[in-house]
Amino acid sequence: MKFSVKVTLKKDVLDPQGKVVQQTLQNMGMGTLKSLRQGKYFEIEITENDEDKAKKMIEDMCKKLLVNLIIEDYKILKI
Amino acid sequence: MNSSVIVFPGSNCDRDIAVALEKLKFKNKMVWHKDTDLPKSDLIVIPGGFSYGDYLRSGAIAGKSNILNEVIKAANDGCLVLGICNGFQILTETGLLKGVLLRNKNLKFLGKDIQVKVINTENKFCNKYEKDQVLELNIAHNEGNYFTSKEHLKKLENENLIPFKYCDKDGIINDESNLNGSLNNIAGIFNDKKNILGMMPHPERMVDQVISNQDGVNLFTSLLN
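Chains as they are written, first to last, in our numbering: chain A, 737 to 815; chain B, 494 to 718.
Think of the hints as simulated: they come from the structure by calculation, not from any bench. For glycine and all other residues, C-beta sits at the position ideal for the given N, C-alpha and C. Careful: at least some of the hints might be erroneous.
What the hints assert, rightly or not - Pairs of lysine-lysine residues, derived as BS3-like cross-links and limited to a Cα-Cα distance of at most 27 Å, are as follows:
1) A:K755 to B:K643
2) B:K516 to B:K687
3) B:K557 to A:K800
4) A:K792 to B:K557
5) A:K776 to B:K687
6) B:K605 to A:K800
Unchecked claim - Ranges between beta-carbon positions, derived for each pair:
7) B:K624 to A:S771: 43 to 53 Å
8) B:K566 to A:L805: 16 to 26 Å
9) B:Q702 to A:D748: 53 to 63 Å
10) A:Q759 to B:I704: 22 to 32 Å
11) A:S740 to B:T529: 31 to 41 Å
12) B:E669 to A:G767: 50 to 60 Å
13) A:L813 to B:D625: 31 to 41 Å
14) B:K566 to A:L761: 30 to 40 Å
15) A:S740 to B:K662: 49 to 59 Å
16) B:N651 to A:K776: 47 to 57 Å
17) B:N562 to A:D809: 43 to 53 Å
18) B:D685 to A:Q762: 51 to 61 Å
19) A:E787 to B:K624: 57 to 67 Å
20) B:K686 to A:D809: 26 to 36 Å
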């Protein structure tokens with residue numbers, strides 16, 4: 737079973753990398769660009785066939801290593 | 494005093510700190526991250542560097558290594574723990590210290606001598622310094638921008654858990670001297686019991702007049718005091 741995990745910085749955490757990318761795109765003429773935040777993306781395959789159990793395991797991975805909950809949020813999706 | 498320096502793949506200040514410790518008469522041992530036993534230690538040092546190439550987040554992978562379980566146990570039993578630079582990042586990733594080190598505010602790697610002010614001297618690490626003394630130490634980091642929750646920041650200030658703050662040459666704590674953008678100019682913090690210190694500047698680089706200055710010496714002699 738395959739899942740994707742999207743990790744993004746929390747709203748009130750400064751994202752200097754995203755800001756520089758945003759400014760660059762705006763400088764390139766992308767005038768309608770309102771805001772941009774940079775994040776991380778993981779694709780994870782596990783051998784568990786029960787979807788609920790599998791999701792819980794992914795959640796555990798997020799909390800224990802993939803995500804720093806002080807500054808980051810995450811979203812798990814089945815793919 | 495017995496000290497242990499934990500070595501990870503990518504540590505690059507491990508030998509510097511060992512030289513500093515031995516110079517100041519600590520009995521030091523190097524401990525590889527895969528080891529599961531910690532030698533009897535009064536002080537554990539997690540050195541600077543780029544453990545695991547800063548993969549995922551600075552310090553995240555090192556924070557899950559075998560030896561860190563032992564470090565966490567020892568720290569909870571009151572052993573003194575010093576995390577410098579990447580060591581500070583690792584300590585926040587393990588939860589031994591609260592908060593996180595974000596990318597520097599200007600996105601640049603900062604490698605230079607800077608000033609910090611000694612804010613708190615009533616602890617094991619700083620008792621040989623004078624309060625408000627201005628030290629010149631070296632920084633070399635990309636992620637040194639200390640961030641934490643509002644509640645924790647308030648606690649750090651109220652309970653005097655901040656030993657060092659970035660300042661200018663006259664000891665004035667201002668935005669200009671806060672190169673990495675840390676909250677309240679924080680250069681280092683303690684845990685509640687003050688047996689764990691995490692700091693971004695490198696005191697071990699300032700122990701010999703021939704190559705730098707000796708502003709880092711008193712941190713180590715404080716521990717021996």
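Item to check | S740 (chain A) versus K662 (chain B) beta-carbon gap, inside 49 to 59 Å or not | outcome: Between S740 (chain A) and K662 (chain B), where Cβ atoms are some 50 Å apart, the hint holds.
Checklist entry - Going straight from one Cα to the other, do K605 (chain B) and K800 (chain A) come out at no more than 27 Å? => result Answer violated: K605 (chain B) to K800 (chain A) is near 34 Å, above 27 Å.
Next on the checklist: Is 31 to 41 Å respected by the C-beta to C-beta distance linking S740 (chain A) and T529 (chain B)?
Outcome noted: For T529 (chain B) against S740 (chain A), whose Cβ atoms are near 35 Å apart, the range 31 to 41 Å holds.
Checklist entry - Given the hint that K755 (chain A) pairs with K643 (chain B), does the C-alpha gap stay at or below 27 Å? => result 23 Å, holds
Checklist entry - That 51 to 61 Å hint for D685 (chain B) and Q762 (chain A) (C-beta), does it hold up? => result 45 Å, violated
Checklist entry - Okay, N562 (chain B) versus D809 (chain A) on CB: inside 43 to 53 Å? => result Given a distance of about 28 Å, which is not inside 43 to 53 Å, the answer is violated.
Next on the checklist: Please verify whether K776 (chain A) and K687 (chain B) have alpha carbons no more than 27 Å apart.
Outcome noted: Answer violated: K776 (chain A) to K687 (chain B) is near 35 Å, above 27 Å.
Next on the checklist: Given the hint of 26 to 36 Å, is the C-beta distance from K686 (chain B) to D809 (chain A) inside that range or not?
Outcome noted: With a Cβ separation near 31 Å, K686 (chain B) and D809 (chain A) satisfy 26 to 36 Å, so the hint holds.
Item to check | 57 to 67 Å as the expected CB spacing between K624 (chain B) and E787 (chain A), which holds or is violated | outcome: At roughly 59 Å between Cβ atoms, K624 (chain B) and E787 (chain A) fall inside 57 to 67 Å, so the hint holds.
Next on the checklist: Just to be sure I understand the hint, the distance between the Cβ atoms of K566 (chain B) and L805 (chain A) should be within 16 to 26 Å; is that true here?
Outcome noted: At 23 Å between Cβs, range holds.
Item to check | Distance restraint evaluation - Q702 (chain B), D748 (chain A), Cβ atoms, bounds 53 to 63 Å | outcome: For Q702 (chain B) and D748 (chain A) the Cβ distance comes to about 45 Å; the hint is violated.
Item to check | Verdict for N651 (chain B), K776 (chain A) (Cβ pair) under range 47 to 57 Å | outcome: At roughly 35 Å between Cβ atoms, K776 (chain A) and N651 (chain B) fall outside 47 to 57 Å, so the hint is violated.
The structure is inconsistent with the numbered hints 5, 6, 9, 10, 12, 13, 14, 16, 17 and 18, although it conforms to all the rest.
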